[in-house]
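Each chain, written out:
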Amino acid sequence: MAKPPNIFLKQRLVAGQLRAVAERRFDDAKALCETQENARANGVQYLAGIAIEILLKAQLVDRYPTESKLRSHEVTDASRVVWSLIWRSHDLEEMLNHLPQLSAGVRKQGERAGLPYWEWLSGICGSWTIFARYSTLSTTMDTAKEMLDRVRHLKEVLK
Amino acid sequence: MTDVQLQELLDELKRRFHAQVEAEQVSPGRFRLGVVSPQFAGVPGLRRQDRIWEAIDEMLDREQTLDISLVLAYSPDEIEVAPNV
Chain A
48 MAKPPNIFLK
58 QRLVAGQLRA
68 VAERRFDDAK
78 ALCETQENAR
88 ANGVQYLAGI
98 AIEILLKAQL
108 VDRYPTESKL
118 RSHEVTDASR
128 VVWSLIWRSH
138 DLEEMLNHLP
148 QLSAGVRKQG
158 ERAGLPYWEW
168 LSGICGSWTI
178 FARYSTLSTT
188 MDTAKEMLDR
198 VRHLKEVLK
Chain B
22 MTDVQLQELL
32 DELKRRFHAQ
42 VEAEQVSPGR
52 FRLGVVSPQF
62 AGVPGLRRQD
72 RIWEAIDEML
82 DREQTLDISL
92 VLAYSPDEIE
102 VAPNV
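Residue numbers (our numbering), protein chains in the order written: chain A, 48 to 206; chain B, 22 to 106.
It should be emphasised that the hints constitute simulated quantities derived from the structure, not laboratory data.
Every value quoted in this text rests on a predicted model; they were computed, and no experiment measured them.
Yeah, the Cβ is synthetic: ideal placement off N, Cα and C, and Gly gets one too.
Don't take each hint at face value.
[Said to hold, decoys possible] DMTMM-like cross-link-like pairs, simulated, lysine to aspartate or glutamate; straight-line CA separation at most 25 Å:
1) K116/A to E84/A
2) K202/A to D32/B
3) K155/A to D78/B
[Said to hold, decoys possible] Far from chain A, by Cβ distances over 12 Å, these chain B residues were calculated:
4) L27
5) L31
6) L93
Build the full structure now, drawing on both the sequences and the hints.
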């Protein structure tokens, strides 16, 4: 029997790999959503937000290729903020702030589609945090489905 | 967005949501808004965002809305219990 790979190893991914991983996390969220069990709703929102986080990291890798390739011991003061956003942080707001061209592009695509993509993206970045994984509170599957549906659109825009 | 337009937006959000509203500049000409309103109690995060963005879209033109980087929306009780970590 083949040994399973160690998924806990820290890997240095390129933008395309990050986008593929985001798709997997989205599929994980979708699978939880399809159970229709309210107890899985937090997991749906958590994973849907992770998918957005990874897609923003892919955008950062595209925009800051030099910083993204640095090893931790090579990081300088000047490159530390961006490097940390790519490889350490879960701060979606700060990621957006380092992607100034993204908002206009997302807005334009939303206008073409007749959907408020920019407002959706900003709304998710303003409300989702990594602390969902520690929350003792429970959201509802209706709320989770709504977020998942927005992420379904946004992941195509952010690719 | 001019200072006057930003102030008008903040005033409208205060009026519409009976809220405490603050703006913080995150980069030149871009602002993060914080809105604390009792109207958000029990309202899911994305719905809060929708309501606020609806107001922003009404108040600002398309280009100016891009000057709002993000909105943080809380109910007063959430502000009280949130630890400063």
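Here is what the structure says about each hint:
1. This hinted pair does not check out: K116/A and E84/A have alpha carbons roughly 41 Å apart, beyond 25 Å.
2. Under the criterion of a C-alpha separation no larger than 25 Å, the hint pairing K202/A with D32/B is inconsistent with the structure, at around 34 Å.
3. A distance of roughly 14 Å separates the Cα atoms of K155/A and D78/B; the hinted pair therefore holds under the 25 Å criterion.
4. No beta-carbon of chain A is positioned within 12 Å of the beta-carbon of L27/B; the least distance is around 17 Å.
5. The Cβ of L31/B sits about 16 Å from the closest Cβ of chain A, beyond the 12 Å cut-off, so the non-interface label holds.
6. Look at L93/B: its CB is around 6 Å from the nearest CB on chain A, not clear of 12 Å, so calling it non-interface is violated.
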